[in-house]
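Those protein sequence lines, which keep their order, are chains G and B.
The numbering of the first sequence is my numbering, which starts it at 359 and goes up by one.
The numbering of the second sequence is my numbering, which starts it at 12 and goes up by one.
Just to be clear, a hint being listed does not mean it is correct.
Stated by the list, open to error - To be clear about the criterion: a stretch of chain G counts as covered by chain B if any three or more of its residues have a C-beta under 8 Å from a C-beta of chain B, and this derived list gives those stretches: (1) 431 to 439; (2) 499 to 506; (3) 593 to 602.
To be verified - Short, incomplete list of chain B residues facing chain G, as computed with Cβ under 8 Å: (4) Pro93; (5) His165; (6) Val180; (7) Gln196; (8) Leu210; (9) Ser214.
Derived from the structure by calculation, the hints contain no laboratory data.
Each residue gets a CB set at the ideal place from its N, CA and C atoms; glycine is no exception.
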Amino acid sequence: MGRGVKPGCGLAAALLAAGLWSAAHAAEPLVAAASDVQFALEEIADAYAKAGGGAVRLALGSSGNFARQIRQGAPFELFLSADEDYALALARDGFARGPGALYAQGRIALLVPLGSPLKPDGTLADLKAALRDGRVRKFAIADPEHAPYGRAAEQALRRAGLWEQIRPLLVLGENVSQAAQFAASGNAEGGIVAYSLALAPRLKERTGHALIPEDRHAPLRQRMVLLRNAGPAAERFFAYLQSPPARAIFRRHGFALPGEGG
Amino acid sequence: MDWTALRLSIELGALTVLFLLPVGILAGRALAYRDFPGKGLVEALIALPLVLPPTVLGFYLLVALGAASPLGQAWQAAVGRPLVFSFEGLVLASVLFNLPFAIQPMQRGFEAIPAELRAAAACCGMTPWRAFARVELPLAWPGVLTAMVLSFAHTMGEFGIVLMVGGSVPGETRTAAIAIYDRVQAFDDAAAGRMSAALLAVSLAAIALSYAFSRRIGRRLG
């Protein structure tokens, strides 16, 4: 048995070290955000750090998945949803402190890789023609089941009367960023993704895009909520996200802002 | 390069190996030398993670460790934070899905020791503990090392289970494999490429090592 003790001690020491290490990071608020805001949020987090606010830890993914993980006990402190419903439902069920705040309104865009047979046409008229003459083999959107931008894409496709035709060609991203990745890599001829992603520098150099009119889908009112275990650092970042510098960054990334109309 | 993620992967791998070392030696040795009713079933259960889709295992672990489970609640009560989406939960999941990678090579290592040798050790008056420490373990060592290397490499590479049980919490459960996925989604192919190359190198080194150890076992048998 003598030998069994040693690994046990090492293990306890290692777990302790891991615990201490995560305690050291505990002051940095842990933020879960819908992947459509990733570039805006990275910039805001940089600006926040430069303004002396400290570091922020960001996790990006689909709003639906985050909402589920938060219900299962994920240790996030602030949640930036891509829609209102997930955030409000968390507040209603006691996982969030109050209803939070609207922070941005999202738009969707048709994204096509360079060299795609598809034209970047926001009215989706060219997509309709392309479906008829077989120019589209794969088309990317986020999974409407749990990604708000996927739902907006579905609504726009339904509104254009293309949903039934395009369904067999759809490749579904786990979140909107993955859908953009499918289209930008040229593995799909196009996709409907968040406008904020289409504007990202790393995407812009290899894709074309066109904004889809706002009336083609239900508004993507993006709401954020402070979660039950939010610390003071998370509260400060929550306030900063509503400040003029942060709003300017959101605007630059293609979001409309609450209380500004259009 | 996301050094935090890489360090997290290495810590996870090292802790997993540390946990599995005693478990694997005890279980591997028992399976090599003992016959008991239901042995086939036990061996099948241990091998199960080899064939199960990671999402199946991930789903069961999420249910078993989640906030609604007795284990999850006991952990929450004792430690004050949830087990899922935490590094500790990831270590537990990692130990479970690595059982076959640890136990099987160790079992082969113990099986490779000729029965006469063990009989001779007993004849010489060695206590079972002494025979284990002085005869069996040194001879089975290549199998034990192979198991450690494989478990470590497999932990570094696991994706599905880590994503389901761990989420992708930076500095807590975002391992190198998950960070690659995140970087691809951020259209940051350069960073994804660098991290992929690092994992490729680690995996190649691990496999080469384990093959070298296996050859040593083979030679001894021949």
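Hint by hint, here is what the structure shows:
Only when three residues or more bring their CB closer than 8 Å to a CB of chain B does the claim for the stretch 431 to 439 of chain G stand; here the count is 4, and the claim holds. Evaluation of the coverage hint for the stretch 499 to 506 of chain G: breached, as 0 residues show C-beta separations to chain B shorter than 8 Å, against a requirement of three. As drawn, the stretch 593 to 602 of chain G meets chain B at 0 residues by the rule of a beta-carbon pair under 8 Å; below three, the given contact is violated. Interface hint status for proline 93(B): upheld, as the beta-carbon distance to the closest one in chain G is roughly 3 Å, under 8 Å.
Taking 8 Å as the C-beta contact cut-off toward chain G, the hint placing histidine 165(B) at the interface is violated, the least distance being around 19 Å. With 8 Å as the threshold, the beta carbon of valine 180(B) comes within range of chain G, its nearest partner Cβ sitting at about 6 Å, so the hint holds. Residue-level restraint check for glutamine 196(B) holds (minimum Cβ-Cβ distance to chain G is 4 Å; threshold 8 Å). A hinted interface residue such as leucine 210(B) counts as satisfied when its beta carbon comes closer than 8 Å to some beta carbon of chain G; here the least separation is about 19 Å, so the hint is violated.
Interface hint at serine 214(B): violated, since its Cβ lies 23 Å from the closest Cβ of chain G, which is beyond the 8 Å cut-off.
In summary, the numbered hints that this structure violates are 2, 3, 5, 8 and 9.
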